[in-house]
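Participant: Residue numbers (our numbering), protein chains in the order written: chain A, 3 to 63; chain B, 57 to 487.
Source of the hints: derived by calculation from the structure; they are not laboratory data. Where hints are given, some of them may not hold.
Rough simulated footprint, nothing fancy, chain B against chain A, three-plus residues with beta-carbon under 8 Å [as the list claims (entries may be wrong)]:
no., stretch
1, 15 to 22
2, 31 to 40
3, 50 to 57
Here are the computed distance ranges between Cβ atoms for each label pair [claimed, not checked]:
no., chain 1, residue 1, chain 2, residue 2, range
4, A, E32, B, E287, 36 to 44 Å
5, A, L45, B, P154, 54 to 62 Å
6, B, K332, A, E25, 33 to 41 Å
7, B, E128, A, E32, 41 to 49 Å
One-sided and incomplete, this derived list gives chain B residues near chain A with beta-carbon spacing under 10 Å [claimed, not checked]:
no., residue
8, R98
9, T338
10, E401
The structure displayed is predicted, hence computed values, not measured ones. Glycine included, every Cβ here is placed at the ideal spot set by N, Cα and C.
Listed below are the residues making up each chain.
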Amino acid sequence: MTTRLKINEARCAGCGQCTLICELEALTAEWGRAVVDHDLCVLCGLCLDFCPLEAISMAEE
Amino acid sequence: MTDFDVIVIGAGAGGLSAGALLAARRGLKVLVLERLPFIGGRFSSLTHKGYTLTTGAVSIEGRGPLEELFSELDLPFNLRCPEPQVKYWINGRDIDLPPKDGFRVLLEEACADPSEAAKVLRAVRDDADSPPEGLSISDWLARYTDDPGAYGVFHALCGGIFSVSLADAPVGEFFSLLRARSFRRFGFPPGGNAELSSALGGVIEKHGGRIIKNAKVGRVRVRDGRAVGVEWTVKGKSMEAGCSWAVSNIGADRTMDLVGREWFPQEEITRVGQVKEAYTLTIEIFSDRPLIDFPGVLMLPQAKRAAFIVCPTLTCPEWAPKGRHMTIVLGPPSKSEEPFDGRREFGQLLEDAEKFLPGFEKNAMEWIMRSFRKGWPGFRSRPGHDLGPETSLVNLFNVGDSVKPSGLYGVGACVQSARTVVEKITKAEKI
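One chain only, chain A, in its complex shape (with noise of 0.2 Å):
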């Protein structure tokens, strides 16, 4: 099992906000939704506060 972080592609609307606060630019904005890099993330989960939609999350896989 690995913990790694999950967008809900039903509730991210791409505004971005997320992209703008990663420093590690592991999330980027694509054509409406977000992207997670999994190799760039490190799960310090400060977008998880920023996404005002809470689409982000952390998720066992």
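Given chain A, work out where chain B should sit, using these hints.
Facilitator: Below, chain B without anything else, positioned relative to chain A:
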């Protein structure tokens, strides 16, 4: 449990304006609960790699309700306005409209046939006082002309001001905007929108109010048809407080969810459900030189999706690292609804960016596509679908752009909605 006179849910432009007026001018004990780690909502800004990016509002109205509010609260209103404010890019030329008869000049420049421009002008004059009800701008225009130039002019104005396509914009609201003469002057705050929203938050705290960030409101408690308190959690810790008044800035629909729909009559639930968001798409381009040389808003009547291009760093160089610039291409999608075809909608906006900023992809160091929709929209209500601030709960009001007054847009509209609510509370409290 601490009690407050007023609990404000959501620290957006409406919530902060209401909180600031109630605390500073009416002496009420105010608590503001904000779910995000910063205040301002879509009236704020975040810094990304040294660039100041908006959380929603792209330009701020000057000489309007917000400036009036700042003046009343003795706050400096730091807004830098580009001069000239607006130009129109038609057939490869940027056109500065004369102060008088500007709309006529614009239509004549845009229409292929001058007699079509005359037809549309006559129609505007004839219908301005009593516009046909229930007609979209595209349907209204189709009665008079099929000149694509005329459609382009209305598309740029509607997209730039209401953030809706012509099919989604009622013609009556367009004339009401012209009459209200709102948003006649705009600019950019050098410290970003966050500077202005923080100033409002500062007023609340200076007058004994509290603002709690990262506060996720779970429920508005109701007893005998009145909101009596609010429950929330901060980082998993449950909290609650009682209130005499509740003001919600999170949208009329989500407010009902917090209260419980059983407290509202079906008619109100239906009316609130009919309010539709207006979506906005932006491309923000970072470069080492300005991609346009005009500091104001360059309207694009001949674009497919884009309504305008603006380079705010020509007015506020503080918004970018030294020597760098940010150019924004903005427009509404073809329809403000789901499912949203991001590749198609952004594809068209990118085509416009390429058409009006040739080679931008080569000249840019980075660009970001953002869509404001689905709960974080350009505007919470489309023109012509305005609700009042009252709810079936006598001491619960909505503020913000889901209940904005007709004829006003953006932050100014949110401020005005807050003023209405403050007047109602003041009257009831006999302050």
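Participant: Going through the numbered hints above, which ones does this structure break? Give me the numbers in ascending order.
Facilitator: none
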